[in-house]
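What follows is the residue order along each chain.
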Amino acid sequence: MVIDVELRGVTKRFADIVAVDNVSIQILKGEFFSLLGPSGCGKTTTLRTIAGFEDPSEGEVFISGQSMAGVPPFKRPTNMVFQHLALFPHLSVEENVAFGLKVKRLAKQEIRQRASKFLEIVRLSGLEKRKISQLSGGQQQRVAIARALVTEPTVLLLDEPLGPLDLRLRLEMQEELKRIQREVGTTFVYVTHDQTEALSLSNRVAVMISGRIEQVGTPLEVYEKPRNHSVAEFMGETNMLGGRYLDGAVEIDGLSVRVTSQASKGTDIIFSIRSEKISIGKTLSGPDNVFKGTVRGVTYRGSDSVYDVQLSERIIIKVRSTNLALESIYRVGDEVFVGWDIDKALLISSLR
Amino acid sequence: MRDKFLQFFRRKVQLRIFSGLSFSLSWFLLFLIVPTAVIFLYSFWRQEYISIIPQFTIDNYAQFLANPIHIPLFLRSLVISAAVTMGSIGLAYPAAYFLAFRVRKYKIPLLLALMGPFWTSYLLIVYAWKIILGYDGILNSLLLNLRLVEQPADLLLYSPFAVIITLIHIWSPWLVFPLYASLEKMDKSLLEAAMDLGATPTQAFLRVTLPLTWPGLVVAVLFVFIPTVGEFVTPALVGGPQGYMYGNLIENYFHLGFNWPLGSSLAFIMLAVVMVMTLLLLRAVGPDKVMESL
Ligand SMILES: Nc1ncnc2c1ncn2[C@@H]1O[C@H](COP(=O)(O)OP(=O)(O)O)[C@@H](O)[C@H]1O
Ligand SMILES: [Mg+2]
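Protein sequences, first through last, are from chains S and A. Residue 1 is where the first sequence starts when you use this note's numbering, and the numbers rise one by one after that. Residue 1001 is where the second sequence starts when you use this note's numbering, and the numbers rise one by one after that.
Check each hint, because a few of them may be wrong.
[Said to hold, decoys possible] From chain A, some residues computed to sit far from chain S (all C-beta separations above 12 Å):
#, residue
1, F1040
2, Q1047
3, M1086
4, F1101
5, L1124
6, L1144
7, N1145
8, I1165
9, M1186
10, L1197
11, Q1203
12, P1241
13, N1248
14, I1269
15, L1279
16, A1284
[To be verified] Calculated lysine to any residue pairs in the SDA-like style (CA-CA distance at most 25 Å, straight line):
#, chain 1, residue 1, chain 2, residue 2
17, S, K277, S, K318
18, S, K129, A, D1288
19, A, K1188, S, P89
20, A, K1105, S, D16
21, S, K131, A, M1186
22, A, K1188, S, V71
23, S, K129, A, F1205
24, S, K104, A, K1105
25, S, K129, A, L1191
26, S, K117, S, S136
27, S, K129, A, V1285
28, A, K1105, S, V18
29, A, K1289, S, G137
30, A, K1188, S, K117
31, A, K1188, S, E95
[To be verified] Computed spacing ranges between beta-carbons, pair by pair:
#, chain 1, residue 1, chain 2, residue 2, range
32, A, G1240, S, K108, 48 to 54 Å
33, A, F1101, S, K108, 28 to 34 Å
34, S, A15, A, A1082, 43 to 49 Å
It is worth saying that the hints were derived from the structure and are not from the lab. Every residue, glycine too, gets a C-beta built ideally from N, C-alpha and C.
The following block holds chain S by itself, in its conformation from the complex (with noise of 0.2 Å):
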């Protein structure tokens, strides 16, 4: 395995905030890797210093094994994709792909049929000569992904880079960045706020809160088996239960939720069940844990719905539910049964 980006205990500290807080990451070669985390936590700040607009307060960033430190962004092996693209509007489709070329003084010729390689790769053949301002969003973003490839560098760093398009453009623009890594090979480190954009994409997701990397791994792994509390609650929508540990079960507002754990008896423990891994019904057998509820609130999302639905005076889980039938969609008021298996709720060690 070749490692082509390396964070070693990387801080950025602006004035009294810290923004990227002891980053450290291994990004293989060839791989997609993203960084997934919500807005403000340092994502942007951590690809900046990658490219070199800023330097670590501490650490040090290797490309390809070599140290960054001091190594100008000019002189980086890595190009980015930003997140407002930063298109030249004074130059052609065609003279912004060939930018990258034209500063390296490459010979006209080549120029030429790269940056026409590189646009017939994001499917902008017959565009070349179109002022920017005349293009739509998503063929924006496809020149700014051209520009930043046709040097081919070691590492194209993608910030938030669909953010702006609407949704069936951002479904389709996703669906092509696989295509283009995949055809060009070269190691993506991609920037998101947008979990499911994440996880359909990577080859590994790291997840970062408040400028700390919590977990790396798999899109399964950090969505599955989320490391602690923060990575759980992030990633989709989860329900947090916590009280004392007795006999494998927890005494929680008064119902008595049944659980596997390895916890001793009587210590304080925390667990999270996502909502999709809840059962609803107007009976309910099978799952471990069953209880009675109400439905206080309903999000009717089309293909499926998320309800609220009250436990017991404290405690109000969301459930989602696919609307198999119409008879399956329940209103507020509706009294309904909840329940999971308890291999299904994950212990969070850490009561916080």
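We have chain S; now place chain A with the ligands onto it with these hints.
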């Protein structure tokens, strides 16, 4: 085609007039068209002793060509103007660049301070340079004290050099503002994008900053070039015979020479040449881009 154009033009003019002789139009007429028309008219008349005879003649234009000092003086004025323009840009562009790209706080107070000479009287600046460059001036004393010269250099004042320096001092603050405006408007992330793609800071400047602020630069050039071609006060005070300019010539015909028609023809020729140059420049850049930069 031509009829259509004329029709269109007429409708435009009618519109303008019927929209109530807008303030700007009357302003335009009063301060630009009327004086220009008067000069134009005078330039085809004849002077006899102290009276002007309203009789058509192209004699004044023939005299412009015939007198061997007219054209060289005109060319000298253009050269001095060009030097002043370039010198002013050389001073103002870095200042505006620094203000737009490097300074974070107190931009506006700094901008106003940079425009200092703009708030100073024109004559004060000219006299200041007289004091600095004069035979017993500050510069000469400095050179003497540093033993760089044996005796005071007398070519500092009363030379084209003195005219150029003084005019740069007077005009460069006029440039800071349009240049600053166009630099400030530029999206700074474009520079990061350029460097990310491998452009050195110099390449980024030449390939991104300069082309994007080019229209602002053209406006700035016009701001300085147009008024300095006809300059006559500064050369009269610090120029000496070598720094004598075309504007002085015109002034002379109006005052001492008492030949208003000849002065008018010279003035009109200058106006025409400068106007053509301006139009060519605007056309090269694209008028809409220039308007955008304002
Ligand atoms: N140049 C800067 N100066 C001061 N604070 C900054 C700067 N850049 C980012 N920050 C701060 O650092 C934190 C992380 O920002 P950022 O990396 O942009 O987050 P993200 O991309 O995850 O939304 C934020 O609190 C932001 O306000
Ligand atoms: Mg960001």
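So, against the hints stated earlier in the document, which numbers end up violated here?
As far as the earlier hints go, 9, 10, 11, 24 and 30 are violated by this structure, in ascending order.
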